[in-house]
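Chemist: If you want the building blocks of each chain, they are given just below.
There are 2 protein chains.
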Amino acid sequence: MAARTEPGGVVALCGGVGGAKLAHGLARVVPAGTLSLIVNTGDDFAHLGLHVSPDLDTVTYTLAGLADKRRGWGRAGEGWRFMAALEALGGPAWFRLGDGDLALHVWRTHRLRGGATLSEVTAEVTERLGVGARLLPMSDDAVRTVVETDAGPLAFQDYFVRRACAPRVSGFRFRGAETARPAPGVLAALADHGLRAVVICPSNPFLSVDPILAVPGMRAAVRATAAPVVAVSPIVGGRALKGPAAKIMGELGLAVSAATVAEHYAGLIDGFVVDSADADAVLGLPAIALPTVMRTARDRARLARAVLRFAARLPRRRAAA
Amino acid sequence: MAARTEPGGVVALCGGVGGAKLAHGLARVVPAGTLSLIVNTGDDFAHLGLHVSPDLDTVTYTLAGLADKRRGWGRAGEGWRFMAALEALGGPAWFRLGDGDLALHVWRTHRLRGGATLSEVTAEVTERLGVGARLLPMSDDAVRTVVETDAGPLAFQDYFVRRACAPRVSGFRFRGAETARPAPGVLAALADHGLRAVVICPSNPFLSVDPILAVPGMRAAVRATAAPVVAVSPIVGGRALKGPAAKIMGELGLAVSAATVAEHYAGLIDGFVVDSADADAVLGLPAIALPTVMRTARDRARLARAVLRFAARLPRRRAAA
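Just so you know, the protein sequences line up as chains A and B, in that order. Each residue of the first sequence is one higher than the one before, starting from 316 at the first, in this note's numbering. Each residue of the second sequence is one higher than the one before, starting from 316 at the first, in this note's numbering.
Hints in this document: simulated from the structure, not taken from any laboratory. One thing to keep in mind: the hints can contain errors.
[Said to hold, decoys possible] Anything over 12 Å on all C-beta distances counts as not near chain B; from chain A, calculated:
no., residue
1, Q472
2, L502
3, A541
4, Y580
5, P601
[Stated by the list, open to error] Some but not every residue of chain A turned toward chain B, in silico, with C-beta under 7 Å:
no., residue
6, L404
7, D414
8, G415
9, W422
10, R443
Just so you know, even glycine gets a beta-carbon here, dropped at the ideal spot from N, CA and C.
Okay, chain A solo, but in the shape it has when bound:
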């Protein structure tokens, strides 16, 4: 248990389901109060006048033990009276909001309209729900992922939910990123000299991690961090476990492989974790092959521990990059 005795905190960058799982694992294996999660908000959008933050919510519900495990989003034991009544009124049904989940959207929107920042609301909500890790939205400013497709530029949720990732992707834009600032605490978390590791979770590199890195100052802060930076591949055996990462890589003319992900993060990371299925991947940087598929809470903790052990052994390469 070498990792457990290491001093210092851990920062993880994460997006949706896969990222939330590893974030949950990290939260289970590091001391309380030492984990900071920088979460993608490029998927955020206004729906029915409500501010919905899908990735923040997935991470929050996962770490609070409230997440629905089968569905992959929203709360367990959810009810759907709101959606049924909304449809009866002629409201839009393409984006599903559960009855309990709605409380978070309504409350957050109300607090934001009252002048609170997304960071402040996130801190309040996670505190209330007993989440031990510190959740940091990548920015309190609006950054909105736009997917360039053969059906034209699409707002993220339009691409992801309404069109179920069917359009062919040619690129991405992160609207608002140029002028966005990292949320309070984000740069300081990465600048912490006692930091033990920075982990890029197995989230979609294009849709979950790149929006975070698109916020001015983020990429430099990751490069400058004192800790080893480790990414975990979301591609396992040439496939994405969930979501459109593999489809998108194919559409962009990239090989659907862990190596492509490692290349995507070149210059930013010191080490790379691939799945045991990809143990023979040829990578230009230190790597380790581990079972990365997280089916249970124990899998999450086991992977988190292994990733931190790997990070602890890594030489610093970025100084030369």
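Chain B: place on chain A using the hints.
Modeler: Then chain B, alone, in the frame of chain A:
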């Protein structure tokens, strides 16, 4: 069944539960498309950033057959996951919003923010829910009932829900009424020369009907209407069936009686309907005693028919007033 063969439409002024019941009865006994309901919006308020219209909703749900009969507000078969989750987040719990009910508030608020008027949203919603009557908010402008009490001036929902009508009442103000305009269709409905009756439902005179009459032009329009105007007493045997009407009358130094209600509407009505329990009430205008307590849908229709028959026999007195 003389009332059924009468030509022309019916207009009813109504507020909460008692009013909604008679409105429902009227909707059952008049031909489809001939009933217009002018509904109090003085109880409307913004809660969690949502526009809540309690009286419009009670009337809508009652006429759509969706109302919870025991609780007296909201929808039957309602769920409470939203409230439970909201409380867990530290949100306010004093005003209960059911999971299905929320759809109406969220959808209405979204449409209003998009530029629709309350009348337009009400028309869409009632059409969608198969409500045959025409529901007209008294005004599309904000009129907000303020209750003057020994605890100071209180916003209506603060008085009515949060403080459960406990403070002692000394008067009422209808904030915004001076500059409010009757909603489109309201004055035209009352000016219809073919009108058969105007019914003031057994709603709270101070909190449900007076806000309607406080909108400039409303009182004159009721006085000028070609049809007989009939009010139904919400006071039965010296008590209010529901709500704070009797308590308020006592606090205002008024006798808690049907006669006090008739006096309240003096100059505005041609006839008055009291409950059989108040058959000996001494009133200065034509009156009839009927069983006014509506326990079943049949009670509602029976009372509606009797009220319309009574109206049909009334001499016009207001011309002299």
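Chemist: Indicate, hint by hint, whether the structure satisfies it.
Modeler: Verification of the supplied hints:
1. Q472: The assertion about Q472/A holds, with a minimum of 16 Å to chain B.
2. L502: 28 Å, holds
3. A541: 36 Å, holds
4. Y580: The claim stands: Y580/A keeps its Cβ more than 12 Å from every Cβ of chain B (closest is about 35 Å).
5. P601: 43 Å, holds
6. L404: 5 Å, holds
7. D414: Check passed: Cβ of D414/A comes within 4 Å of chain B, closer than 7 Å.
8. G415: 4 Å, holds
9. W422: 5 Å, holds
10. R443: This hint holds: R443/A lies near chain B, its Cβ roughly 5 Å from the closest one there, short of 7 Å.
Consistency with the previously given hints is maintained throughout, with no hint failing.
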